[in-house]
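Using the sequences and the hints given, assemble the complete structure.
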Amino acid sequence: RRHQRHQRQPQRQRRHQRHQRQPPQRQLPRQQKQQRQQQQQRRQPHQQQQQQQPHVFICSPACMNGGNCTATNTCTCNTAMWGGSYCQTPNRIFWSFDNTLQDLYNNFNGVGNNGPTYSSPGYNGAGACILLTQSSSQSVTIASPFLNFAYTSFTLEVWMYANTLYNSNPYTDNAIFGQFDQNVLDKSLHIIIRNQRIYLGFFGDDVVGTQLLSAGQWYHMAYIYDYSVRTQYVYVNGYLDASHTSAGPYQGATG
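Numbering-wise (our numbering), the sequence shown opens with residue 208 and increments by one.
Keep in mind that the hints were calculated from the coordinates and are not lab data. Keep in mind that the hints are not guaranteed to be accurate.
Stated by the list, open to error - What follows is a set of in silico ranges between Cβ atoms, one per label pair, in the way DEER data are often shown:
| no. | residue 1 | residue 2 | range |
| --- | --- | --- | --- |
| 1 | 418 | 452 | 32 to 38 Å |
| 2 | 325 | 456 | 46 to 52 Å |
| 3 | 358 | 331 | 18 to 24 Å |
| 4 | 320 | 281 | 35 to 41 Å |
| 5 | 364 | 269 | 27 to 33 Å |
| 6 | 281 | 345 | 39 to 45 Å |
| 7 | 450 | 365 | 16 to 22 Å |
| 8 | 280 | 335 | 42 to 48 Å |
| 9 | 344 | 285 | 37 to 43 Å |
| 10 | 314 | 423 | 31 to 37 Å |
Remember, predicted model here, so these are calculated numbers, not experimental data. In this text, a Cβ means the ideal position worked out from N, Cα and C, and glycines have one as well.
Spelled out as structure tokens, the structure:
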């Protein structure tokens, strides 16, 4: 009996092992495997191509003076010298007219027309100032590059001493700065004195000062346009003289 019992143990072990065996895993046919591999190979280059291609923004008009188009119709100016919606306007220009027509920053140098001269001393008894005679049609022109004031804020300040101030009809203006595109609303910039008053105009969209100016004395005048609130301002000797809201923007593209 002992021998028989001893022989039964291997049989129990075999049964136990057979009971633990797992069924074989079901494998896909070779053709299905090949199709899956081909699909994966097609997807990978397409995904890599999408990752490598950056999004391209479009600015219209295009960014000028080295500006970068960083979002749709948004230019980021790369130097402190340029501003405006597409980096078209210099942030600083300085014409001293102290025996020179050069811009201090050497961007917008002037060219004299019909022989303008200089007079000494200038304001406050220092240096020199440019002398422009109306009867000789003397002026200064900025030939190149184009000084663009369109669709942006700007400030123009000037010290002026007039030997004669005109007060007549039709108008005879004392011109300070001008840019003519065409006689159309908001396309002709004129910074002048008209009827002895400070005057900022875009053509049919203007602001006129209230203070009556006199010949034979120095005035500091500031002509300002704030594009963000569409408002023109004129200042005389540091004081606000007049303003005009819902103005502009100035849209001249040449002149």
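Hint check against the structure, violated hint numbers in rising order | Checked against the structure, the hints that fail are numbers 1, 2 and 3, while the rest are satisfied.
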